[in-house]
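J.: Chains as they are written, first to last, in numbering that gives the first Met the number 0: chain A, 0 to 319; chain B, 0 to 319; chain C, 0 to 319; chain D, 0 to 319.
There's no promise every hint is true.
Identical copies look the same in the list; a pair holds intra-copy or inter-copy alike.
[Said to hold, decoys possible] Taking lysine-lysine and the DSS-like style, the derived pairs with C-alpha atoms no more than 30 Å apart in a straight line are:
| # | residue 1 | residue 2 |
| --- | --- | --- |
| 1 | 1 | 60 |
| 2 | 226 | 319 |
| 3 | 268 | 252 |
| 4 | 319 | 85 |
| 5 | 85 | 316 |
| 6 | 197 | 252 |
| 7 | 133 | 319 |
| 8 | 252 | 154 |
Since the hints were derived computationally from the structure, they do not count as laboratory data.
Source: prediction; values computed, not measured.
What follows is each chain in one-letter form.
There are 4 protein chains.
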Amino acid sequence: MKKLGVAVVGVGFWGRNHVRVFSELSETELIGVCDVDSERAKNIAQEYDVEWYTDSTELLKHEEIEAVSICTWTTTHATEATRALKQGKHLFVEKPIASTVSQAREILDLAHREDRHLAVGFIERFNPGVRRVKDAIDQNRIGSVVSGTATRVSKWPERVGDVGVVKDAAIHDVDIIRYIFSDNPIAVYAKLGTLRHKRYEDYAQMMLTFQDGKTAFIEANWLTPYKIRRLVVTGSQGILSLDYITQEIKIDKAQQTRIPRHEWEEPLKLELQHFANSVLANKEPLVTGIDGLNALIICEAAVESAQKCEAIPLEQKLEK
Amino acid sequence: MKKLGVAVVGVGFWGRNHVRVFSELSETELIGVCDVDSERAKNIAQEYDVEWYTDSTELLKHEEIEAVSICTWTTTHATEATRALKQGKHLFVEKPIASTVSQAREILDLAHREDRHLAVGFIERFNPGVRRVKDAIDQNRIGSVVSGTATRVSKWPERVGDVGVVKDAAIHDVDIIRYIFSDNPIAVYAKLGTLRHKRYEDYAQMMLTFQDGKTAFIEANWLTPYKIRRLVVTGSQGILSLDYITQEIKIDKAQQTRIPRHEWEEPLKLELQHFANSVLANKEPLVTGIDGLNALIICEAAVESAQKCEAIPLEQKLEK
Amino acid sequence: MKKLGVAVVGVGFWGRNHVRVFSELSETELIGVCDVDSERAKNIAQEYDVEWYTDSTELLKHEEIEAVSICTWTTTHATEATRALKQGKHLFVEKPIASTVSQAREILDLAHREDRHLAVGFIERFNPGVRRVKDAIDQNRIGSVVSGTATRVSKWPERVGDVGVVKDAAIHDVDIIRYIFSDNPIAVYAKLGTLRHKRYEDYAQMMLTFQDGKTAFIEANWLTPYKIRRLVVTGSQGILSLDYITQEIKIDKAQQTRIPRHEWEEPLKLELQHFANSVLANKEPLVTGIDGLNALIICEAAVESAQKCEAIPLEQKLEK
Amino acid sequence: MKKLGVAVVGVGFWGRNHVRVFSELSETELIGVCDVDSERAKNIAQEYDVEWYTDSTELLKHEEIEAVSICTWTTTHATEATRALKQGKHLFVEKPIASTVSQAREILDLAHREDRHLAVGFIERFNPGVRRVKDAIDQNRIGSVVSGTATRVSKWPERVGDVGVVKDAAIHDVDIIRYIFSDNPIAVYAKLGTLRHKRYEDYAQMMLTFQDGKTAFIEANWLTPYKIRRLVVTGSQGILSLDYITQEIKIDKAQQTRIPRHEWEEPLKLELQHFANSVLANKEPLVTGIDGLNALIICEAAVESAQKCEAIPLEQKLEK
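Isolated chain A (complex conformation):
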C-alpha cells in the first residue's frame, strides 16, 4: 500500500508526539522535521532517522513530502500554512487554526484554491469517548438533548505560548459541542479573566445557546491544581458523562447507571491515521477548515462578549 509522505513543522512539546505517531503508523512515512531550534530539530531527526531543517521553505522543497503537520506556535500558523499550501502540500494544522479569524479565512481560501486537504487538530474528536457520546446522542439513547457542560481545568501548562485559555483549551469544547449537537450556536455569552498570569486570560466561562433551545456551558482555566476534562450531556431521558482523560463514559437513566468498558486508545494516533487515510483516499477529513474557522469565530466572540458584557449573536458570523 502506498504510504503518505509526511513532515512535521515545529517539534517542541506537542510536535514530537506527531513525529512519534507518524513514525509508528503504517499509513505514513515520516520524511523530515523542521524546527527553528536547530538542536531540537537535529536530535529528533536522529532519533527517528529522518531529515531535519530549521527553515520550512527548505523542507517543503522535498518532493516526497505530500502532507505537512504544523505544530508551531499559533502566531506562525498562518505563515507556515500558506508556505506549505503554496508548495502543494496537504495540511494538518494544530488548533487553533490561526491567531485571528481573518488569517484563518485566508488559509481556508488558499487550501480551496490549491485544492489541498486541510484538517485542524481538534484531537478530542478522536477521543473514543466522544465518538461514544456522539453515537449515544444520535441513537436517541438519552432522549432530546437539553444541555452540555464541559469542564477543562488544570494548572498552568508550561508549554503554552501565545494564546490564552479560550483559544488553547476552551476551543476544544466549543468544537466538541458543535459536533455532538450537530449544530452551530446562535449566541455566546462569556466571562473571562486573568487571575494569576499576566499576558493571557487564564480562566473563561462561556454559555452557548442554540436555535432549538439547547445550551452549553464551557468552563476552562489554567488555575485549578487538579486536572479535570469532563463533558456532561443532559437529555430528557438520561445523562451522559465523559471523562476525556480516561475515555470512560457513564449513562445515567431512570432504571440504571451503565458504564461500558473499553480499552483506552491514543487519540493522536487515531487523529493522524484518519488524516492520512483521508488524504490517501481523497476524502474530506472529519475536522475541516470550516470547523477550525467556526470554533475560532466563537472564541473571538466570547472574548468580545466578555469585554462588552453582552451576549454576542453568531449567526451572521459563522460559516455554514
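Go by the hints and put chains B, C and D onto chain A.
T.: Same frame as chain A, but now just chains B, C and D:
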C-alpha cells in the same frame, strides 16, 4: 423556656412537613393548621392534636399564634402573607416569596411597617453541606473562587403547582450562589424552554456574572429521570463539590482529595429551628425578605433574558 | 382482612423498631409490649396506645396475641421463646436464636411439638439488595460462583449486650452466604480476638469452604470507626457487589459495569410483614428455625476453630 | 558513574519489558539477551542494538555482564539461576523463584556460597501504592492492623505457562502481606480449583493467620472477565485501600476519607533500578531470596491445605 406559638397555612405535600417539624421542635408549639381542603386540614390536625381551619383569617385570630409559615401555592403567598402580617404575626414564607417582584416588594414593605420578622424558605441554606462549602470558601481553602456550577434536575414533580422550573427549582441555586459568593450578580443570561409540559418552562440554563469576575452556571429541569442536586465550586487552589442530597462534600486539591464524614441532618428542621430562635431572640433570620426578593428579581430577569436572547443587567434591579 | 395480633417482648434499642413497624403494618395489630424496665415499657405503650407488662408470663395470657417477637438480650431468648411457645404463640426471635446451640435445638423441638411457626431475625435476608444478589446468582448472571466476601465493620455499638461480634454481626453474613450459595459449608477456619473490649471478641475473620469449591471470607469487627457492610460475590462471568446500607448493587462484567436504580426499602418492615403473612397463610417463613440453628452452629465452630487453630469440619454438625 | 552490565534471559512477553527498562535506566548497560526462540532473541537484540544468544551458557561467558535477570518459564528458573551464579553473575529471578521449594533452597544456598546478590521479582513491592500503604501502617495511621484482604482476578492470561494461579498470581499478595504486616504467617487455610482450565488451578482462596491475631484473605483467579488488583487493610483506627493498577490509595477514618494524589510510576522501572543500585552499592536488595523462598513455601502449603482440607501450620516450614 418560652416556646414560639406557630401555625401552618397550607398543609399539602410540603406543608405537612412543616407541621411535623414544628411539632417535634422544642422551640415551638404548634397551635393550628389551615388548608382550603377541609378534609386535609382536619386529618392533619387530628394526627397532631391541634386546631384546624379552612380560612386563614379565622386561624390568625388565635392569639397564641405568634408566627405563621405559609406553604400554600405561590400565587396566594402575597394574600396570605399580607393577612398574617396585618394580624401581627411573624412570617415564614416558602420560596418563591411571591409570584411577582411587585408582590414581593409589598410583602417586604408591610413586614417592615409592621416590624415583624420575615424569613423566606430557601431550605438549601440550612443544608449542612452548604454551610461547609461556605465555610471552606470563607476560610480560603480553595483560593480565589472562579466559578460555581449548580445542577438541579429531576423528573416532573407531581406536586408542582403554579410556577415553572426557574422559580421553583433554579431559584434555590440562585440564592445559594449569592450566599456562597457573598455578592450579587451583575447580569444574567438564560435559556429556558418547554419540552414536555404545557404550561410552565421545564428546563432552564442560566449564567450569572459578577463584578469581580466570578461566574455561575445554573442548570435546572424537570425532565431528567434521575435526580441530581449538585454544586461544584472552582477556585484557584481547589475544587469543592457538594451533593445536596447526601450532604457530602469533596475537596479536590493538588495533593489530595478529602471527603469529610458527617451525619446527615434534616435541613427543614434546622431551618424552622433557626426561624423560631430568630423570632424568640429578636434577631434577623439568615434568609431575609431581601434575599427572597433578590432571588426572585434574578429569576424574572432570567425569563426576560431568554425571551430577548440578551444578557440582562441586574445592578439597577437588585436591592442592596 | 384478618390482622395478626402481635406483641413485642423487649423494647430497648431494637425492640422499639419492632413496635413501630407492627403498628404501621396493615397485616398486624399490636396488642402489647413487655420489658423488664417498667418505665420503658410504659412509655412505649403510651406512645402506641397498647398494653404494657414487665412480666412476659402476664403478657402471654392475652388471648388476642397470636404471635410474639422476642427482642430481649440473647441470654434470655431460650426462656422467653419457651414461655411463648408453651402459651401457643407463633414466634419471631431476633438473632442469634439463642446463646448456645443446645438451647437453639430445644426451641426448635418445642416449636415443632407445639406446631407453631418459628422465624429468626436475619434481617439482611429482607434487604432488597440481597434478594437482587440472590436472583442474579440464580439466573446465572455472573456464571459459576467462586467466592463471597462479606465485610461488616463499625465502631463499638453501645447497644450490644451479651454476645461477641461473631454471634452478633458475623452471623448475619454466615446466614446470607448459606442463602445465596444455596448450600451449607463443609468447614470453617477462623481467627478472632479482643483488641479493645474486655469481655467479648471484637474482631473476627472467618473462611467457610463448600463441597463444590466455593469459599466465603467473612470479616466482622467493632473496631473500625467507619461503618461498612458490604458483600462481594465473584463469579466466572462477573462480580456482584452489594452495599447493605444503601442497598445498591453493582454488576461488573466484561463489557460493562451496571448499577440498577431502586428505591430504598426498610428491611425490618419487609421482614415483619413477611412473618405476619407466613403465619396468616400458614406457610413456612423464609428464615426458619433451622437457618437460625445452622448459623449458630457455624459461629460456635468458628470460635472453636480460633481456639484450636484448626479448620473445623461442619458436615456432621449441621442440620439438613 | 559506573553502570551495571546486565543481560536478560528469556525475552518473551515479560522479559522484553526487562530489556526495555534496562536500556532506559541510567544505572545499567544492557549487554545481551538470550532466548530459546532465535527469531525472538534476534529481533529484540536488533531493536536495542545488543548481542543475542539462544544458549545462556554462551551469554554468560560475556565478562561485561555482571548481573542477569531470568524471565524464562518457571520450570527452568533453577537451571538458569544455577548457571548464572556459577558464572559469578548477580541474579534477579522473576517470581516464583522456582517451581519447587527444594529448588528454591538450592538457589539460595548457591547464591550464598558464591556470594552473589539474589533478588526475586515481586514487582508489587515497588508499586508506589504499596510503599504508601506500608508507610501508613508503620506510622500507625490506621491503628492496630486487624486484617488484610487482597483480590487479584482477571481473565485467563494467554502468557501463562507452567504454574497455576497460586504461584503465579496469589504469590504476589502472599509476599505483600508478609511485607506490610512485617511478619510471617503461622498457618494457611486454602481452597483452590479448576473451573475452566485443564492443567493448573485457576482460582484460589487463602486465609493466612498470624501470631498476634492478624489475618489475611487472599483471592486470586483467572476467571473473572474484569481485572481487579486490590488490597484493603483494616485497622482499629481506619481502613486503607489500594488499587494496585492505578496505584491510588484511600484512607477511611472516622472523620474523613482521604485520597492522596500522586503521579503513576512504573513499578518495573523502580524494581530494576533498585536491583542495579543494590548490586552497585553492595547492599541487600529489598526482596531477598528468603522472601522468594518463604512466599513459595506458603503457596505450597496452600496447595497442601486445599488437598487435605486442613489448615497447615507454617512456623516449622518458613525461614526466619
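J.: Checking residue 226 and residue 319: alpha-carbon separation at most 30 Å within a copy, between copies, both or neither?
T.: neither (34 Å within a copy, 38 Å between copies)
J.: Is the C-alpha distance from residue 1 to residue 60 at most 30 Å within one copy, between copies, in both cases, or in neither?
T.: Within one copy only: 21 Å inside, 46 Å across.
J.: Since the copies are identical, ignore which copy is meant and state whether residue 319 and residue 85 lie within 30 Å (CA to CA) inside a copy, between copies, both or neither.
T.: For residue 319 and residue 85, the Cα distance is within 30 Å only inside one copy (26 Å; across copies 62 Å).
J.: Go through the copies and call it for residue 197 and residue 252: within, between, both or neither, with a Cα cutoff of 30 Å.
T.: between (44 Å within a copy, 23 Å between copies)
J.: When no copy is named, should residue 268 and residue 252 be tagged within, between, both, or neither for a Cα gap of at most 30 Å?
T.: between (33 Å within a copy, 28 Å between copies)
J.: Is it within a copy, between copies, both, or neither that the alpha carbon of residue 85 lies no farther than 30 Å from that of residue 316?
T.: within (27 Å within a copy, 57 Å between copies)
J.: Between copies, within a copy, both or neither: which fits residue 252 and residue 154 at Cα up to 30 Å?
T.: Cα proximity of residue 252 and residue 154: across copies only (11 Å, versus 33 Å in one copy).
J.: Is it within a copy, between copies, both, or neither that the alpha carbon of residue 133 lies no farther than 30 Å from that of residue 319?
T.: within (20 Å within a copy, 46 Å between copies)
Consistency with the previously given hints fails for number 2 only.
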